[in-house]
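Line order of the protein sequences matches chains A and B.
According to my numbering, the residues represented by the first sequence are 1 to 179, in order.
According to my numbering, the residues represented by the second sequence are 1001 to 1149, in order.
Bear in mind the hints are in silico, worked out from the structure with no lab data behind them.
Do not rely on the hints blindly, as some may be mistaken.
Using 27 angstroms as the maximum straight-line C-alpha spacing, the simulated BS3-like pairs for lysine-lysine come out as follows [as the list claims (entries may be wrong)]: (1) LYS1110/B to LYS61/A; (2) LYS1110/B to LYS3/A; (3) LYS3/A to LYS61/A; (4) LYS38/A to LYS153/A; (5) LYS3/A to LYS106/A; (6) LYS61/A to LYS38/A; (7) LYS1091/B to LYS1110/B; (8) LYS3/A to LYS1084/B; (9) LYS42/A to LYS3/A; (10) LYS1084/B to LYS106/A; (11) LYS42/A to LYS61/A; (12) LYS61/A to LYS1084/B; (13) LYS1091/B to LYS153/A; (14) LYS106/A to LYS1110/B.
In this text the structure is predicted, and so the values were computed from the model without any measurement.
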Amino acid sequence: MWKFVIPVAAFVALAVLFAVGLNPHRDIHALPSPLIGKAAPKFDLTDVMDPSRRVDTAALKGQVYVLNVWGTWCVACREEHDELLAIAQQHVVPLIGLDYMDQRDKARQWLTQLGNPYQSVGFDTDGRTAIDWGVYGAPETFLVDGQGRVIFKFISPMTAEVWQNEFVPRIAAARRSGA
Amino acid sequence: MRFLRPTLKLAALLLSSVLSFPVLAAGSVDVYGELENPSLQARYEHITEDLRCLVCQNESIADSNVELAADLRRQVREMLIAGKSDDAIFKFMTDRYGEFVRFNPPLTPKTWLIWGAPFIMVAVGAVIIIRVARQRARLPLDDEPASEN
């Protein structure tokens, strides 16, 4: 009896382990964010395009919004930029940018040349805001609900598929549940 | 001569490794220099060695040259100077980056398997060894003629 059960159980356990571990769609470097379900970290930064304007999370209170962390040094951010422009065109949700480890001139040039999908872009001079949000790379995209809680985080370049499947339903659900 | 050459080679190798050591040490990634208070510096080194650099996930932030690691080292340094406890600093990091940021995760219900796995494996191994040994003890010795059983 055991001579049969033990190898079969071991085989099933290994098969499950491999199915999960070797899944090509799984990004082994993507980590779950401990911020999910918690209050979004506050920030009050100057705007990349206009240093006299503030980008303040307090002003976004009561709104569902998307925070996209990017930088001109980040190749994958260039890759997702057209998708962000397309998303901005849909006017579903305000897109807030967080320009990370960057230079203002370069960021401004990037947005002027490629188009600006953001409602406003906070300029994170010294990376402190990024640390508060648990950012460890770019691009990273957060979804914040009307109560100011982080409800989703996506690490990797945004695609139309991810936007439709992961963001749009969550935005709708966040709006339905009030706020 | 035949004996001298390898010895010389060895000596040169040893010498070069000894000489290169201070160079490696001087290549440390810290831009701010050491903390003035030696006990703070010791805590700083201990904490930064226990925090994972999430960009290059097998390096600590003490070892990494990545910009994020430099920002996190600055954060640790500032919190130490501000008089924060080690626990407060680790909590600051895990609140933002999750338990994975620690190389040495604390023993909690979620991590008991990590800490317990080596003991479980030793126990499983011990059970197997004991069972095999007992089975062997019951077997006849190889050199005994089979007819005697």
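Evaluation of the provided hints:
1. LYS1110/B to LYS61/A: violated, 34 angstroms
2. LYS1110/B to LYS3/A: With a Cα-Cα distance of about 33 angstroms, the restraint between LYS1110/B and LYS3/A is violated, given a limit of 27 angstroms.
3. LYS3/A to LYS61/A: violated, 62 angstroms
4. LYS38/A to LYS153/A: holds, 12 angstroms
5. LYS3/A to LYS106/A: violated, 67 angstroms
6. LYS61/A to LYS38/A: Answer holds: LYS61/A to LYS38/A is near 14 angstroms, not above 27 angstroms.
7. LYS1091/B to LYS1110/B: holds, 16 angstroms
8. LYS3/A to LYS1084/B: violated, 57 angstroms
9. LYS42/A to LYS3/A: Status violated; Cα separation ~59 angstroms.
10. LYS1084/B to LYS106/A: Status violated; Cα separation ~37 angstroms.
11. LYS42/A to LYS61/A: Roughly 11 angstroms between the alpha carbons, so the hint for LYS42/A and LYS61/A holds.
12. LYS61/A to LYS1084/B: This hinted pair is violated, its Cα atoms lying about 31 angstroms apart.
13. LYS1091/B to LYS153/A: At roughly 21 angstroms apart (the allowed maximum being 27 angstroms), LYS153/A and LYS1091/B satisfy the hint.
14. LYS106/A to LYS1110/B: Not OK: LYS106/A and LYS1110/B at ~44 angstroms, beyond 27 angstroms, violated.
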